[in-house]
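Could you build all of it, start to finish, from the sequences and the hints given here?
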Amino acid sequence: MAVTDVGGARAVQRVDNDIDADTQLDLLRVMLRIRCFEERAEALFLAGELPGFIHLSIGQEACAAGACLALRRDDYITSTHRGHGHCLAKCAPAERMMAELFAKATGSCKGKGGSMHIADFSVGMLGANGIVGGGANLAVGAAIAARLRQTDQVALCFFGDGAANRGTVHEASNLAAVWKLPVIFFCENNRYASTTAAGAALSIENVADRAAGYGMPGVIVDGNDALAVHRVVREWAAHARSGGGPVLIEAKTYRMRGHYVGDPQLYRATDEVEAQRARDPIDRLAATLAGAGLLDLARLERLRAEVAEEIEAAVRFARESPLPSPEDALADLYVNPIERMP
Amino acid sequence: MAVATAPRTETGARTLTYVEALNEALREEMRRDPAVFVMGEDVAVWGGGGVFGVTKGLVEEFGEARVRDTPISEEIIAASAIGAAATGTRPVAEIMYVDFIGLAMEPIVNQAAKMRYMFGGKISIPVVIRAQQGGGRGNAAQHSQSLEAWFAHIPGLKVVVPTTPADAKGLLKTAIRDDNPVIFLEHKVLYFTKGEVPEGEYTIPFGQADVKREGTDVTVVGIHTQVLEALKAAEELESEGISVEVIDPRTVSPLDIDTIVSSVKKTGRLVVSHQAYEQGGVGGEIIARVVDVAFDYLDAPPQRVCGKNVPVPYAESLERAALPYKEEIVAAIRRVL
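So the protein sequences, as listed, match chains A and B. The first sequence: position 27 = 27 (the numbering used here), numbered continuously. The second sequence: position 197 = 197 (the numbering used here), numbered continuously.
In short, the hints are calculated from the structure, not lab data. Positions of the beta carbon are idealized from the N, C-alpha and C atoms, including for glycine. Hints may contain errors.
Among the chain A residues that face chain B by a calculated CB cut under 7 Å, a handful are [unchecked claim]:
#1 Lys110
#2 Lys112
#3 His117
#4 Phe121
#5 Leu138
#6 Val140
#7 Ala142
#8 Arg149
#9 Thr151
#10 Tyr334
#11 Ile338
Calculated from the model, a selection of chain A residues having no Cβ within reach of chain B, i.e. all distances over 10 Å [stated by the list, open to error]:
#12 Ala47
#13 Thr196
#14 Ala197
#15 Val219
#16 His239
#17 Gln276
#18 Ala292
#19 Ala308
#20 Pro322
#21 Pro326
Quick look at which bits of chain B chain A covers, simulated, 3 or more residues with Cβ under 8 Å [as the list claims (entries may be wrong)]:
#22 67 to 75
#23 80 to 92
#24 114 to 124
Structure below.
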């Protein structure tokens with residue numbers, strides 16, 4: 001199977017025989033950015049600085065980073081209501097995203113979308129989505145468009161164990177398989193659909209087992225192992241890119257926070273969450289890199305400090321940005337609106 | 001196909017069926033722009049292009065990549081078209097009967113209509129979703145509804161309801177070129193009606209009603225078949241010296257309320273008619289907007305002549321009782337005069 005290197009052609013030290021050191025460090029940096037962004041957003045929300053509600057992906061950073069860094073900038077992703085990590089990993093600017101959470105005019109969506117509707121088409125990020133499973137069919141559409149435009153772009157659809165039970169995911173899987181479209185269905189099985197345990201809504205243990213029903217490969221990967229996620233997405237993206245058709249990858253991960261910030265989490269035991277701390281994807285990658293001689297404590301602290309400064313700058317930018325003008329509520333609906341007519 | 005064999009009228013203009021006119025629009029736009037493609041259930045193969053033949057001959061000319069038969073999966077027909085529209089193509093997706101569009105409402109309402117707005121106006125969704133609707137062919141409750149009001153209610157969509165073959169062609173071409181999501185609703189009873197269609201290239205702008213017949217005593221606004229029923233009513237009443245103006249809005253979103261208001265200011269009386277259920281229908285919206293700005297011009301309460309508030313029944317006698325025809329329009333006109 002063709003496997004392409006994402007880190008470029010530079011000769012670099014390899015700690016693993018197939019992922020170069022720069023990419024491994026990039027994975028760590030991206031995961032730290034996501035963690036820092038979300039911990040900051042959580043604190044700001046609890047302090048009453050952010051309106052609406054937000055959903056955090058803390059604990060799932062290896063999925064976002066591992067998958068997105070295995071894609072090209074012009075590849076597409078569709079995301080979920082828990083999409084901050086996907087956006088950041090696909091290189092959407094943190095300051096615009098933070099400003100969007102603050103509902104400011106400088107936000108990614110000019111304050112019209114909020115946390116659940118961040119998109120940045122310039123980096124192929126086709127949108128977080130407030131509708132569970134809503135991104136699956138959009139990703140299939142992007143893959144159809146890529147084929148019609150005769151490019152070799154692929155579309156990766158993030159969805160959760162909850163969305164796996166939506167009819168839309170079934171329709172998307174079937175059509176992508178029938179038409180051999182370049183779609184990567186990437187299920188982040190974080191064990192909970194809102195407050196419902198995956199086991200209470202799935203009669204099988206693995207979402208990936210459903211792939212057989214569509215005649216597509218199903219792959220299970222440790223979703224808290226960034227290198228493993230990266231490797232598997234890179235491999236199957238190359239497969240899809242070369243006309244091999246879609247794949248269903250199930251990443252076994254764990255949602256460390258509640259469904260939303262403020263969720264009292266009465267549906268799971270504290271012990272269960274505590275036990276998962278040993279699987280923390282950032283600690284694991286840092287340990288792996290340290291073991292390979294790529295990272296020492298000083299470098300890790302430096303990375304953390306750089307990331308923290310970037311996110312603090314994003315918060316400052318957001319705080320200092322203006323609110324949208326009330327008249328903007330009526331703008332941006334149609335391209336070339338007809339005067340006096342919506 | 002249609003062009004070469006189209007019969008000529010006495011004046012030399014072509015007459016085409018509504019289906020042929022739509023087919024011509026699709027063919028011309030697909031030739032003009034390689035980003036345009038068609039997808040839906042049975043659009044390529046069945047009887048040579050859809051249940052009613054609207055897409056006839058397209059797969060032969062443009063190939064299977066641009067004329068795509070889909071599984072019976074309405075949600076993905078609409079949603080993948082929306083995704084493809086967001087990423088550089090111009091899909092024309094077909095939902096075979098508008099009654100099935102309930103299965104595709106999520107992507108239409110929550111994705112297509114909202115993506116541009118909620119992403120801050122930075123993207124466009126140039127998708128057309130075609131469907132045919134309406135009763136009058138004994139197709140019963142799940143194949144006969146008229147649902148334009150569902151979509152007219154949603155900001156972010158445009159809703160097109162052509163009545164004549166010429167309008168169908170010009171409006172479909174406009175829909176395909178429009179950078180916004182367009183719900184293009186055809187009517188199954190109109191499919192095999194014929195009308196003059198101009199030669200050569202033309203489009204018809206959205207938000208421009210067409211006065212199908214001028215009159216001075218009463219304004220009748222009709223949608224789809226009800227334009228034709230209103231014209232029949234106008235003809236019948238002409239012998240009694242009653243002059244009826246018949247307006248076809250052609251698009252219900254955007255709605256050209258100005259043309260309707262101007263007419264009402266002249267006639268002082270308003271009747272609106274559609275096959276769609278009366279409750280929550282577009283007729284009520286039209287009346288409300290006329291009353292907003294022209295209350296003082298009205299000499300009688302505006303009337304609605306619409307589908308009864310029941311599912312469309314199967315038996316011909318029942319279906320006729322549930323749907324509005326010329327007789328009901330005539331009666332409504334008499335009430336306001």
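Against the structure, test the hints numbered earlier, and report the numbers of the ones violated in rising order. Per hint list: single violation, 9.
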